[in-house]
Amino acid sequence: MTPAIEVVDLHKSYGSFEAVRGVSFAVEPGEIFGLLGPNGAGKTTTVEILEGYRDRSAGEVRVLGRDPQQRDRHLQERVGIVLQSCGFYRRVTVREAVTHFAKVYPSPRDPEETIALVGLLEKANAQTKDLSGGQRRRLDLALALIGDPDLVFLDEPTTGFDPAARRTAWGVVRRLKELGKTVLLTTHYLDEAQELADRVAIVKDGRIVAEGPPDSLGPGSSRYRVSYISQGRRVEHQTDDPTELLHRLTSDAVARGERLEGLEVTRPTLEEVYLELTREADAA
Amino acid sequence: MNPAALAWQQFRFERKLFWRNPSAAFFNFLLPLLLLVLTASAFSADSEELEVLIPGIAGMGVLATTFTSLAFNITILRDEGVLKRWRGTPMPAGSYLAGLLASAALNAFLQVLIVVTIGNVLYGVDWPQDPLLLVLFTALGVVCFAALGIAFSHAIPNEDAAPAYTNAVFLPVIFISGVFYSSDDLPEALKAIAEALPLKHLIDGLSEAIVGGGGDAGTAALVVGGWTLAGLVLAVRFFRWE
Ligand SMILES: Nc1ncnc2c1ncn2[C@@H]1O[C@H](COP(=O)(O)OP(=O)(O)OP(=O)(O)O)[C@@H](O)[C@H]1O
Ligand SMILES: [Mg+2]
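Which chain is which? The protein sequence lines are A and B, in order. Going by the working numbering, the first residue of the first sequence is number 1, and it counts up by one from there. Going by the working numbering, the first residue of the second sequence is number 285, and it counts up by one from there.
One or more hints might be untrue.
[As the list claims (entries may be wrong)] Think about it this way: if two alpha-carbon atoms lie no more than 35 Å apart in a straight line, the pair counts; the simulated DSBU-like pairs of lysine-lysine are: (1) A:LYS177 with B:LYS368; (2) A:LYS103 with A:LYS123; (3) A:LYS177 with A:LYS123; (4) B:LYS300 with A:LYS123; (5) A:LYS123 with B:LYS475; (6) B:LYS300 with B:LYS368; (7) A:LYS103 with B:LYS300; (8) A:LYS129 with A:LYS177; (9) A:LYS177 with A:LYS103; (10) B:LYS475 with A:LYS103; (11) A:LYS129 with B:LYS475; (12) B:LYS300 with A:LYS129; (13) A:LYS103 with A:LYS129.
Hints were generated in silico from the structure; no laboratory data involved.
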């Protein structure tokens, strides 16, 4: 199967500043792919190149088999976009906006159902200037989904959402996956990436520093941390093979007649991996 | 939907939005009419003045509903990201712009119609001598000032600067172009500037169509036509959606 998105050695410069410095990744159809990374890492730049907003400086890009730089209408019809930040007509109601945008797509979703999907039904008659920030963001999501896209770009879609709204949005994204849609998501919420993404890539200074399923992501391979309290102090070991280490530690302890107080075996969370990777690059 | 149907839908959407923004509707639509009534009341005894004023206000109405309103609106749409949002959809750029421009054109034609009607009903100015020429000059004025309005929006840095930029053009131009009094009465230097700009010539053409006699419609059409071409080239060449 051809990938929904294919990026090979992508570069993008703004003047003399190179914001993207050789990024490559592929997203399979039906996959949810997350782009993570600190502010200014080049996530939005990469996404906007895929959306057809920006021309690349070098590299190859395919979106649903086409070059987004050609800006052909058939590609736009199959893609839904939530931009990182984007205003809207102030004096238009949610229902009018969604209904109007539905007209430009060949086979749109039902506007009412889409408004309900993002949880804006009780605000359907409110003008956008009277919506809260999070409600406006939900309208962004409704407008991205109204064309019933095969591929959805979500650039920090849940920024400004309250925790309940975030759960609702996660539900929407999972529903998209069930329908076989492909999603490219950027986020600063690592729990969001962990919840939603099949695979993530961590971007730093315009380069991908790690890529893989969120649970298995680590520097090299996943390192387990084993710790316990001995003589009042917490002792910590790191290992790739926790079974062997635990066996050794526990047999030694039994032989000494000691109880390993507070014994813990943990895998590094995505957040720890993220912080370590982005810090590493800082120091270098 | 085909591109023409989408243009029609966008036109209807723009009409809905237009009346929802009362302050814009006032400045673009009611202000010229208010100025007409105020000035005409002051001059109402003098039919010669009225024959300057009616085409003058009609020309100013075309300027306000196309140049000013488009320069202003496109700056806001660009600054707030609405243009960017449209660009991420399959909406054809041509359909979108056609809807936007048709809405401005409707306002311009309504202005001219209302001004001419007020002139006749309230102040006894004759109905236009040459209605077809009036339609043609209004249409030329619409295309010219719409193109110049879009072109000018490219020079406006952001939304907050839009009122200052548009008024810096609108106010001086209406005062030297013979809206309220014949530009023949102006000092030579100002007259030369007015001669080079399109509004005075649009008003000459409208005057020829409404009042008739004396005006040089050919020169008027040439100068407005020249500005139209320049406006179209600049509008397209420097278009920014962000
Ligand atoms: N139009 C532009 N002109 C010049 N520089 C730009 C432009 N857009 C982005 N940049 C720069 O490119 C770099 C990458 O920006 P980008 O918006 O892609 O980052 P990001 O990863 O999306 O960050 P964030 O998490 O803050 O959204 C930044 O240093 C930014 O200042
Ligand atoms: Mg960003």
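Status of each hint after checking the structure:
no.: 1; hint: A:LYS177 with B:LYS368; in the structure: holds, 27 Å
no.: 2; hint: A:LYS103 with A:LYS123; in the structure: holds, 21 Å
no.: 3; hint: A:LYS177 with A:LYS123; in the structure: holds, 26 Å
no.: 4; hint: B:LYS300 with A:LYS123; in the structure: holds, 19 Å
no.: 5; hint: A:LYS123 with B:LYS475; in the structure: violated, 56 Å
no.: 6; hint: B:LYS300 with B:LYS368; in the structure: holds, 21 Å
no.: 7; hint: A:LYS103 with B:LYS300; in the structure: holds, 16 Å
no.: 8; hint: A:LYS129 with A:LYS177; in the structure: holds, 32 Å
no.: 9; hint: A:LYS177 with A:LYS103; in the structure: holds, 25 Å
no.: 10; hint: B:LYS475 with A:LYS103; in the structure: violated, 50 Å
no.: 11; hint: A:LYS129 with B:LYS475; in the structure: violated, 46 Å
no.: 12; hint: B:LYS300 with A:LYS129; in the structure: holds, 16 Å
no.: 13; hint: A:LYS103 with A:LYS129; in the structure: holds, 23 Å
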